[in-house]
Amino acid sequence: MSELSAEVQGWIGQRRYEQQGEFDVERGYVFTTCASVENGNPLFWDDEAAAEITGGPIAPPTMISVWFRPHYWAPGRSEQAQPLQVHFDLKQALALPEAVMTDNTITFGEPVRPGDRLTTWQVLRSVSDPKTTKLGSGRFWVIDVEYQNQKGEWVGTESYTGFGYRRDA
Amino acid sequence: MSVRGLTLDQVQVGDKLPELAVEVTPTTVVLGALASRDWRPMHHDKDFAQERNGTRHIFVNTPHNAAYFERYISDWTGPYGRLGRIQFRMKDSVFPGDTMVFHGQVEKVETDPADCAWVELLLWLSVGEKVTTQCNARVAIPAHDGDNPWARRGEAWRP
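Protein chains in written order, with our numbering: chain A, 1250 to 1418; chain B, 7 to 165.
Watch out, some of these pointers could steer you wrong.
Simulated crosslink set (DSS-like; lysine-lysine; CA at most 25 Å straight-line) [claimed, not checked]:
1) A:K1380 <-> A:K1340
2) B:K22 <-> A:K1340
3) A:K1340 <-> A:K1383
4) B:K97 <-> A:K1380
5) B:K97 <-> B:K22
6) B:K114 <-> B:K52
7) B:K22 <-> B:K52
8) B:K52 <-> A:K1383
9) B:K136 <-> B:K22
10) B:K114 <-> B:K22
11) A:K1383 <-> B:K136
12) B:K52 <-> B:K136
A few chain B residues that face chain A, going by a derived Cβ cut-off under 7 Å, partial list only [to be verified]:
13) L37
14) G38
15) S42
16) Y74
17) W156
Everything labelled a hint here was simulated from the structure, so no lab data went into it.
Beta carbons are placed, not taken as given, at the ideal position from N, Cα and C, and that holds for glycine.
Bound conformation, chain A alone:
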């Protein structure tokens, strides 16, 4: 079976598609998110509790990717990189038309706070040898999406395992 191309091998470990969020982390979305799941944790609703426990208000950790979802419309916008662009690059480079995500793990660092402006980038960690599953034949890959705040502190990593494949004839 074919070896990985030099292009794809070169992506492994490389920091790609770095971008800053379009807007500051803000409490309006924190309240809307907490309301959407009836999360009454005083860290998000009670300034006194937040001051005592987390040194001031924070955002729910699982909101980490929310701060990078683009506005539905913005003036002058044409096209932009898709979230998890490395995943789509791999599908194209390896000629694997179908893909599924099999696993999503988020690890949390420093708390994200209202007023933060986060930066993200993507790193391809690994690509497997060719595999055949019930879906078809292809390869597994692991992509990390890293997040840091404006002080350069690590706030989290999302790790995705994808399987790109071709349906068996």
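Got chain A; can you put chain B on it based on the hints?
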């Protein structure tokens, strides 16, 4: 402020988290999609979901699912509980009319070399007999009264 919560001495392997049942409506799904800035039509447009996704209705998106698990965990730990890591496996979708039931149990309890107390949880979301999402979470709780996992930084925080 007198809100406390679980401390290490109150948790044992095998402990069950209280179940949480949620009736899902179209509003639930749309509220979660908009809160997570997910404008894709299968989370608000029933015709699109049926015709393009082949599903019976609009369905709960992944970040909303994650926010529910986060709430389920912190309802149990209290505000001093600090999420270190969460892992999802989505197996099936959740639709309006479904009753989601969250379940969980303690799989492991440990104190790391930095003296941080960790609880590892196995969590799952079911609709009827079907498990729609499986989740593993690693959450720090106070090792003792007066300890605060949120105060940990750098080498003292090893999620």
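Checklist entry - Are there hints from earlier that the structure breaks, and if so, what are their numbers? => result Those not satisfied are hints 2, 6, 7 and 8.
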